[in-house]
Amino acid sequence: MIKKEMIAMLLAGGQGSRLGVLTTKVAKPAVSFGGKYRIIDFPLSNCINSGIDTVGVLTQYQPLKLNSHIGIGIPWDLDRNIGGVSILPPYEKSQNSEWYTGTANAIYQNIDYIDSFHPEYVLILGGDHIYKMDYEVMLDFHKESGAECTIAVMPVPWEEASRFGIMIADENKRIIDFEEKPKNPRSNLASMGIYIFNWKTLKEALLLNKDVPNLDFGMHVIPYVHQQGAPLYAYEFRGYWKDVGTLSSYWEANMELIDVVPEFNLYEEYWKVYTKSDVLAPQYISADSEIQKCIIGEGTQIYGKVINSVIGCGVTIEEGTVIKDSIIMNHTTIGANCEITKAIVSEDVCIGDNVVLGAFEEVDNETHPHIYNQGLVCIGDKTVVPSGVKIGKNVVVSGITTAEDYPDNCLASGKSLIKAGDKA
Amino acid sequence: MRAIGIILAGGNSFRMKVLAKNRAISAMPIAGSYRAIDFALSNMTNSGIETVCVLTQYNARSLNRHLSSSKWWDFGRKQGGLSVLTPVITEENSSWYRGTADAMYQALWNLKESHEPYAIIASGDCVYKMDYNAMLDAHIKNKADITIAYKRMPDDVRIDRYGVLSMDEAGRITELEEKPLAVKSRNISCGIYIMRRRQLIEILEQCAEEGRYDFVRDVLVRYKDVKKIYGYEIKDYWANIASVEDYFKTNMDFLKKEVRDYFFKTYPDVYTKEEDLAPAKYNTGSSVKNSLVASGCIINGKVEDSVIFRKVYVGNNVTIKNSIILNDVYIGDNTYIENCIVESRDTIRANSTLVGQDEIKLVMNDSDKHV
Numbered sequence: 003m004i005k006k007e008m009i010a011m012l013l014a015g016g017q018g019s020r021l022g023v024l025t026t027k028v029a030k031p032a033v034s035f036g037g038k039y040r041i042i043d044f045p046l047s048n049c050i051n052s053g054i055d056t057v058g059v060l061t062q063y064q065p066l067k068l069n070s071h072i073g074i075g076i077p078w079d080l081d082r083n084i085g086g087v088s089i090l091p092p093y094e095k096s097q098n099s100e101w102y103t104g105t106a107n108a109i110y111q112n113i114d115y116i117d118s119f120h121p122e123y124v125l126i127l128g129g130d131h132i133y134k135m136d137y138e139v140m141l142d143f144h145k146e147s148g149a150e151c152t153i154a155v156m157p158v159p160w161e162e163a164s165r166f167g168i169m170i171a172d173e174n175k176r177i178i179d180f181e182e183k184p185k186n187p188r189s190n191l192a193s194m195g196i197y198i199f200n201w202k203t204l205k206e207a208l209l210l211n212k213d214v215p216n217l218d219f220g221m222h223v224i225p226y227v228h229q230q231g232a233p234l235y236a237y238e239f240r241g242y243w244k245d246v247g248t249l250s251s252y253w254e255a256n257m258e259l260i261d262v263v264p265e266f267n268l269y270e271e272y273w274k275v276y277t278k279s280d281v282l283a284p285q286y287i288s289a290d291s292e293i294q295k296c297i298i299g300e301g302t303q304i305y306g307k308v309i310n311s312v313i314g315c316g317v318t319i320e321e322g323t324v325i326k327d328s329i330i331m332n333h334t335t336i337g338a339n340c341e342i343t344k345a346i347v348s349e350d351v352c353i354g355d356n357v358v359l360g361a362f363e364e365v366d367n368e369t370h371p372h373i374y375n376q377g378l379v380c381i382g383d384k385t386v387v388p389s390g391v392k393i394g395k396n397v398v399v400s401g402i403t404t405a406e407d408y409p410d411n412c413l414a415s416g417k418s419l420i421k422a423g424d425k426a
Numbered sequence: 263m264r265a266i267g268i269i270l271a272g273g274n275s276f277r278m279k280v281l282a283k284n285r286a287i288s289a290m291p292i293a294g295s296y297r298a299i300d301f302a303l304s305n306m307t308n309s310g311i312e313t314v315c316v317l318t319q320y321n322a323r324s325l326n327r328h329l330s331s332s333k334w335w336d337f338g339r340k341q342g343g344l345s346v347l348t349p350v351i352t353e354e355n356s357s358w359y360r361g362t363a364d365a366m367y368q369a370l371w372n373l374k375e376s377h378e379p380y381a382i383i384a385s386g387d388c389v390y391k392m393d394y395n396a397m398l399d400a401h402i403k404n405k406a407d408i409t410i411a412y413k414r415m416p417d418d419v420r421i422d423r424y425g426v427l428s429m430d431e432a433g434r435i436t437e438l439e440e441k442p443l444a445v446k447s448r449n450i451s452c453g454i455y456i457m458r459r460r461q462l463i464e465i466l467e468q469c470a471e472e473g474r475y476d477f478v479r480d481v482l483v484r485y486k487d488v489k490k491i492y493g494y495e496i497k498d499y500w501a502n503i504a505s506v507e508d509y510f511k512t513n514m515d516f517l518k519k520e521v522r523d524y525f526f527k528t529y530p531d532v533y534t535k536e537e538d539l540a541p542a543k544y545n546t547g548s549s550v551k552n553s554l555v556a557s558g559c560i561i562n563g564k565v566e567d568s569v570i571f572r573k574v575y576v577g578n579n580v581t582i583k584n585s586i587i588l589n590d591v592y593i594g595d596n597t598y599i600e601n602c603i604v605e606s607r608d609t610i611r612a613n614s615t616l617v618g619q620d621e622i623k624l625v626m627n628d629s630d631k632h633v
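Going line by line, the protein sequences match chains A and B. Under this note's numbering, residues 3 to 426 are what the first sequence spells out, in order. Under this note's numbering, residues 263 to 633 are what the second sequence spells out, in order.
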């Protein structure tokens with residue numbers, strides 16, 4: 003019989019619409035991070051480093067990049083005879099076929115997958131945070147406390163507590179109450195969206211609540227389990243944990259990696275982060291280039307000046323170009339004599355010569371001020387920007403743009419230029 | 263593909279000096295991220311070869327670690343795949359490989375049980391990209407018994423340590439001399455051979471019976487006039503790294519754009535074992551000019567005209583010029599390094615000065631790592 007003590011279910015189906023144009027074509031967990039990684043590498047690496055060798059990845063929104071990235075799990079040593087990584091998309095049933103309508107509904111639709119491993123415990127993970135965490139320690143806590151459900155929590159500053167799901171626990175860390183985004187928080191322990199359930203408890207709760215629309219862990223399953231009187235415990239995590247759900251937090255988290263000794267250290271021997279690299283060559287830095295305070299991925303060729311930036315793999319930056327405070331993702335080409343400041347440039351982008359990104363005075367974005375703000379310029383996947391144009395702040399550009407799209411060779415601050423291609 | 267691949271990776275060379283102390287030449291790190299054998303292995307996988315035997319002998323620890331999984335070259339197969347063969351003691355045989363033919367003789371079992379009509383033999387210490395199918399096509403077109411890949415070397419390169427060959431107009435080899443005293447041509451053998459698998463088995467068995475062990479001397483040179491041996495020219499980049507000077511030069515070649523573009527940007531790719539290292543990090547005060555830097559490096563100092571392999575730490579106020587720093591080296595603050603090859607896993611203490619005066623200096627101290 004196949005038997006695993008604990009398996010992980012990784013919820014990776016969300017769009018992450020607050021990342022704007024970065025997630026037009028890819029699910030949030032597949033968005034690049036830190037030069038060579040993708041966001042999902044962090045929970046996946048945590049799994050294998052914690053000794054969890056069976057991971058179900060629930061996909062739904064734009065799964066192509068995610069699927070090809072994960073493959074059969076080789077980079078994480080998750081290619082196993084028994085267990086390993088399995089991609090679990092929604093599927094058609096003889097009746098009541100549906101998409102994943104909520105986080106818990108996605109797990110409900112995969113009860114058979116979980117049952118096939120006969121686990122005692124199931125670990126529920128999200129695919130949108132940057133952190134290193136030993137889930138085995140959390141499992142030990144779960145067993146010792148006698149919990150039927152353990153929720154990982156993180157102390158957050160009190161003034162921010164009203165943005166989170168807040169857990170109120172007694173001195174033994176048993177959860178006595180919880181509130182979603184409370185106006186007057188009674189605790190500062192925020193749920194991290196990481197749960198360990200006794201599988202028996204969770205399965206029962208899922209079966210009994212299967213008809214609840216948009217069945218969700220935070221909204222329905224955990225309140226239900228709590229009402230039944232099952233012991234819920236809070237596992238307090240004190241380490242680096244960063245939400246990268248908005249463009250500005252995504253940009254900040256990348257920038258934190260280039261500090262001299264970053265709070266989140268990728269250079270430790272212990273607890274490595276694994277990823278699938280399609281580029282293996284070393285990077286080349288030319289005689290005329292200048293690089294200060296950067297991290298740079300494999301196979302990148304730099305002929306210009308790069309300061310305070312995170313550069314991905316296989317990028318080319320030509321002579322005379324100056325890049326500051328920016329994120330440039332894999333396989334992007336940037337022409338000569340450009341000036342790029344505070345930009346997020348996605349994958350496979352082609353930027354011509356003499357282009358300025360981040361020009362002019364800052365103006366709020368005209369269509370999506372809650373997404374494109376903080377003065378950032380955001381360039382979507384596979385975008386082409388013609389030579390000689392000036393692009394302002396709080397701007398988004400996506401698609402194959404030509405000189406006609408830039409009256410007077412300019413795109414003012416706050417503009418959105420989305421050219422849907424034939425397959426957008 | 264219609265051929266089984268054999269990679270000769272057992273070699274050692276006194277010309278590599280202390281660099282050979284730690285590893286076989288085939289495991290020498292190349293161009294920041296690769297090892298020498300990656301080129302032969304990638305060529306084989308890119309040519310569609312499905313079964314490869316790697317013959318190792320000398321100091322294979324580093325090589326074996328590199329070959330610990332065959333996945334990276336796509337040789338993790340149920341049918342075929344990669345076998346690493348080391349000398350074994352059997353009832354009939356209790357010696358090490360006495361030569362290249364002897365080594366292949368011990369792979370006889372693999373040769374006999376495979377079904378491919380041809381065998382491609384390549385050495386693991388050359389840096390090149392090649393589609394062996396094109397060479398096989400020429401071999402078949404010439405109706406050759408054996409085809410040898412050769413490279414025409416420029417006049418200013420010493421070639422007396424290679425096999426030197428001359429051909430007639432049709433490309434048939436008329437003269438073949440190993441390490442000649444006086445060179446009669448500029449064509450050197452690249453150590454890549456194609457022949458029918460059955461013929462190889464036959465020749466190897468005969469050699470074993472007669473007590474002959476060297477493939478070049480006892481097969482190629484000896485059979486030159488009886489068998490039809492043809493040359494096949496390699497026109498693109500090819501380098502052998504079996505001496506310190508060649509090793510240094512080959513690595514420095516990758517600082518040239520055309521060499522980088524050829525190997526890194528032109529299809530097909532060269533594969534290697536992924537080491538799961540973070541992106542290279544350049545801190546404030548670093549200055550890197552005309553250099554290759556591999557992943558996992560942390561750079562605080564100055565690097566010029568150099569190749570920095572994986573996971574090298576360059577301290578504050580360090581200067582590195584015209585040097586090669588192999589994997590996992592820690593370079594303490596205020597150090598000056600010029601014209602050196604620094605051996606992997608080394609620690610250079612702060613305030614050191616290491617300069618190669620007339621020739622490249624090999625730096626290898628066995629001190630413990632201190633970080």
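It is worth saying that the hints were derived from the structure and are not from the lab. Treat the hints with care, as some may be off.
Listed next, the in silico DSS-like pairs over lysine-lysine satisfying Cα-Cα at most 30 Å (straight line) [as the list claims (entries may be wrong)]:
#, chain 1, residue 1, chain 2, residue 2
1, A, Lys274, A, Lys295
2, A, Lys384, B, Lys519
3, A, Lys185, A, Lys145
4, A, Lys295, B, Lys391
5, A, Lys307, B, Lys374
6, A, Lys27, B, Lys511
7, B, Lys535, A, Lys344
8, B, Lys497, A, Lys278
9, A, Lys274, B, Lys535
10, A, Lys326, A, Lys67
11, A, Lys5, B, Lys333
12, B, Lys497, A, Lys67
13, B, Lys333, A, Lys274
14, A, Lys278, B, Lys403
15, B, Lys519, A, Lys326
16, B, Lys518, B, Lys391
17, B, Lys551, B, Lys441
18, A, Lys326, B, Lys511
19, A, Lys295, B, Lys405
20, B, Lys279, B, Lys405
21, B, Lys583, A, Lys5
22, A, Lys295, B, Lys551
23, B, Lys564, A, Lys344
24, A, Lys326, B, Lys551
25, A, Lys307, B, Lys333
26, A, Lys67, B, Lys489
27, B, Lys511, B, Lys279
28, B, Lys279, A, Lys307
29, B, Lys519, A, Lys134
30, A, Lys67, B, Lys340
31, B, Lys497, B, Lys391
32, B, Lys518, A, Lys326
33, B, Lys527, A, Lys274
34, B, Lys391, A, Lys6
35, A, Lys384, B, Lys518
36, B, Lys551, A, Lys134
Evaluated hints:
no. : hint                : verdict
1   : A:Lys274 - A:Lys295 : 22 Å, holds
2   : A:Lys384 - B:Lys519 : 25 Å, holds
3   : A:Lys185 - A:Lys145 : 33 Å, violated
4   : A:Lys295 - B:Lys391 : 35 Å, violated
5   : A:Lys307 - B:Lys374 : 58 Å, violated
6   : A:Lys27 - B:Lys511  : 45 Å, violated
7   : B:Lys535 - A:Lys344 : 35 Å, violated
8   : B:Lys497 - A:Lys278 : 34 Å, violated
9   : A:Lys274 - B:Lys535 : 16 Å, holds
10  : A:Lys326 - A:Lys67  : 28 Å, holds
11  : A:Lys5 - B:Lys333   : 27 Å, holds
12  : B:Lys497 - A:Lys67  : 38 Å, violated
13  : B:Lys333 - A:Lys274 : 20 Å, holds
14  : A:Lys278 - B:Lys403 : 42 Å, violated
15  : B:Lys519 - A:Lys326 : 26 Å, holds
16  : B:Lys518 - B:Lys391 : 16 Å, holds
17  : B:Lys551 - B:Lys441 : 39 Å, violated
18  : A:Lys326 - B:Lys511 : 35 Å, violated
19  : A:Lys295 - B:Lys405 : 60 Å, violated
20  : B:Lys279 - B:Lys405 : 42 Å, violated
21  : B:Lys583 - A:Lys5   : 57 Å, violated
22  : A:Lys295 - B:Lys551 : 15 Å, holds
23  : B:Lys564 - A:Lys344 : 27 Å, holds
24  : A:Lys326 - B:Lys551 : 19 Å, holds
25  : A:Lys307 - B:Lys333 : 37 Å, violated
26  : A:Lys67 - B:Lys489  : 54 Å, violated
27  : B:Lys511 - B:Lys279 : 16 Å, holds
28  : B:Lys279 - A:Lys307 : 40 Å, violated
29  : B:Lys519 - A:Lys134 : 39 Å, violated
30  : A:Lys67 - B:Lys340  : 27 Å, holds
31  : B:Lys497 - B:Lys391 : 11 Å, holds
32  : B:Lys518 - A:Lys326 : 27 Å, holds
33  : B:Lys527 - A:Lys274 : 28 Å, holds
34  : B:Lys391 - A:Lys6   : 46 Å, violated
35  : A:Lys384 - B:Lys518 : 29 Å, holds
36  : B:Lys551 - A:Lys134 : 35 Å, violated
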